[in-house]
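Colleague: Single-letter residue listing:
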Amino acid sequence: MTELSGWGRYPRHPSDVLSPPSPSAVPPLMTSHTGLVARGNGRAYGDAAIGEQVTLVTRRLDRIRAFDPSTGRIRVEAGLLLADLLDVMVPKGFFPPVVPGTKFVTVGGMIASDVHGKNHHRDGGFGDHVESLTLASPDGGIATCSSTENGDLFRATIGGMGLTGTILEATFRMRPVETGWMRQQTIVATDLDKALDALRASGEATYSVAWIDCLAKGRSLGRSLIFAAEHATRRDLEALQPAADAFPSARSGRLSVPLDLPAFALNRLSVGAFNEMYFRAGAMKAGYPFLVHWNPYFFPLDGIGDWNRIYGRRGFLQYQCVIPTAQAGPALSRILERIAQRGLASFLAVLKQMGPSQGDLSFPMEGFTLALDLPVSDAAFPLLDELDRTVVEAGGRLYLAKDARQSPATFEAGYSGLPRFRDLRRAIGATGRISSRLSARLGI
Amino acid sequence: MNAPRTLLLVGGTSDIGRATALCYAQAGWRVLLAARRDDEARRNADDIAARTGADVAVLHLDILETSGFEALVDGLPQLPDTVVCVVGELGDQQRGQKDLAHATQILRTNFEGPALLLGVFAERFAARGSGTLVGVSSVAGDRGRGSNYLYGAAKAGFTAFLSGLRNRLAPAGLRVVTVKPGFVRTQMTAGMKLPPVLTAEAEEVGRAIFTAAEKGSSDVVYVRPVWRPVMMIIGSIPERIFKRLRL
Chain B
9 MTELSGWGRY PRHPSDVLSP PSPSAVPPLM TSHTGLVARG NGRAYGDAAI GEQVTLVTRR
69 LDRIRAFDPS TGRIRVEAGL LLADLLDVMV PKGFFPPVVP GTKFVTVGGM IASDVHGKNH
129 HRDGGFGDHV ESLTLASPDG GIATCSSTEN GDLFRATIGG MGLTGTILEA TFRMRPVETG
189 WMRQQTIVAT DLDKALDALR ASGEATYSVA WIDCLAKGRS LGRSLIFAAE HATRRDLEAL
249 QPAADAFPSA RSGRLSVPLD LPAFALNRLS VGAFNEMYFR AGAMKAGYPF LVHWNPYFFP
309 LDGIGDWNRI YGRRGFLQYQ CVIPTAQAGP ALSRILERIA QRGLASFLAV LKQMGPSQGD
369 LSFPMEGFTL ALDLPVSDAA FPLLDELDRT VVEAGGRLYL AKDARQSPAT FEAGYSGLPR
429 FRDLRRAIGA TGRISSRLSA RLGI
Chain U
13 MNAPRTLLLV GGTSDIGRAT ALCYAQAGWR VLLAARRDDE ARRNADDIAA RTGADVAVLH
73 LDILETSGFE ALVDGLPQLP DTVVCVVGEL GDQQRGQKDL AHATQILRTN FEGPALLLGV
133 FAERFAARGS GTLVGVSSVA GDRGRGSNYL YGAAKAGFTA FLSGLRNRLA PAGLRVVTVK
193 PGFVRTQMTA GMKLPPVLTA EAEEVGRAIF TAAEKGSSDV VYVRPVWRPV MMIIGSIPER
253 IFKRLRL
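Protein sequence lines correspond, in order, to chains B and U. Numbering-wise (this note's numbering), the first sequence opens with residue 9 and increments by one. Numbering-wise (this note's numbering), the second sequence opens with residue 13 and increments by one.
The hints are simulated quantities; they were obtained by calculation from the structure and are not laboratory data. A few of these clues could be false.
Claimed, not checked - In the SDA-like style, the derived pairs of lysine to any residue whose C-alpha atoms are separated by at most 25 Å in a straight line are:
| id | chain 1 | residue 1 | chain 2 | residue 2 |
| --- | --- | --- | --- | --- |
| 1 | U | Lys205 | B | Arg20 |
| 2 | B | Lys100 | U | Glu216 |
| 3 | B | Lys100 | U | Lys255 |
Generate the whole structure from the sequences, applying the supplied hints.
Modeller: Structure below.
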């Protein structure tokens, strides 16, 4: 037994851990154990990748099986790290179709969480780009799934949190890029409405994201910096930074947080100062385009190793909801108001526009998503329960890959594909056999 | 441009084998991965080809099927420029103390098979007048210890074999390199508690092998140099004291 937790370091549960050396070793484990779920690199924040009894770590399934540079099509094993894929592919002029906010995730995890990136409004989630996958199913067999073959299983597996089986391999297409640089433009929004407008207006941009200053109140509630970006072309590079290498190395010096910071380091004052500094630095750059390396643009926090430790020993909660477009303004401002009032500081508040998704349990829906962090404290839980009510009333839902504490009622209200998902789990014999702490908590 | 050179990597499903082959492929070499488990070798071959664009093929080879070695070598489409043998099996010392079949397997896998195979290549290389042979041995072969002397004895034999081969082939300009990785974090050591300073990653060993064989001139390489003094100290402990240590 090993004590496991997600990236948020809350909650922690004991589990047996298995680490199969190859895809062919997985199917026998599916029948010889029960209460198991797959785990990639453990970057889900809560309890999604902790098996009720057994956790099947896929990290040794890390091979690239085929790559065709003429089409960008790639077939990889599920435990391949996105960071590894980027290291190999960016210098060849290819970028993954969708990347989440950290590159320390596995491809299997990206599918199981149907992760979204800063381009969801245009390109959908990672699951939308998966052409086919193979799955070790609960009966010990291997199923090949795509939109045309085992389509129901395919749609349940995308965003299915590992609860339909263990993903072994996936095929998808990389997008060609001319350089490893991003041409970024920063827009300043002085309140929430302006931020939502700016995100809508930047819908033309391939990538866009807003960073909200959570501590701003009153008329400044929701003041944000919006970062819109494109993959820079060779012409952009010549115009903006002619001397630069088209594919600069990703190996930047990694700063790491060596120890748990004491919780008092994260009080209202220190976070307020941080946010103020961040906002001013960003605003100074507003207005004109500039080039930024893909690594800090997509993965700013990966530059700080083990940043989850800044929240101290009790760990932290990440709260990510999505609100349908029509309700987004009022619901998000209510949420931000409550956060600002309570002063339960958040380092991060990220706002993004989303489009629809296809998986039964995929998180994205047309609307806006807000993500923020709170250190675990006795006051945090009732506050989030209160925010849940706002989300449910607005027809929204919470992201399972981030969740550690929502109630089954909140979950059921948000996910209309749940009955279909449960039926499929029953039909393939996954119910009761494939289960995580998350699925047990939410009654999936 | 010169035609790419060819590496034959024996032990192509091991972590060290994978990492070593990748280093060669990145440097533009053609790679032949020899291993007993074809499907697993194929995984590594595909991976290396996809990452580097190199030409990577798989060869079925069982290190215990020594009688087939000559036919296998003569059946190769071309004689490789470098042969690296990373085959190794730690085995279970305590089981091997009672189970002669297991003890035999440890001795044959770590000594007999690798030595005979490199010996066949040595003949071909000597006839051709060029070639590099690399054997991955072990610090466990530097002095026998109670906890792993079957493995250690086999590796000691392999180390002596490589030393003799080097001595014989050096005048002809052929290189024989002995690599002693020390502790390595791999499938073989999964679950063991290893001291970080003395423990290398498989990638580190792969780079060390490539550098020693193709760029350097060292004959005996400790992947982490700290192992050299460590083994000197271990080697210099008088037997009457050593025999009482629990090692």
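Colleague: Would you mind marking each hint as holding or not holding in the structure?
Modeller: Against the structure, the hints:
{"no.": "1", "hint": "U:Lys205 / B:Arg20", "result": "holds (23 Å)"}
{"no.": "2", "hint": "B:Lys100 / U:Glu216", "result": "holds (24 Å)"}
{"no.": "3", "hint": "B:Lys100 / U:Lys255", "result": "violated (57 Å)"}
Consistency with the previously given hints fails for number 3 only.
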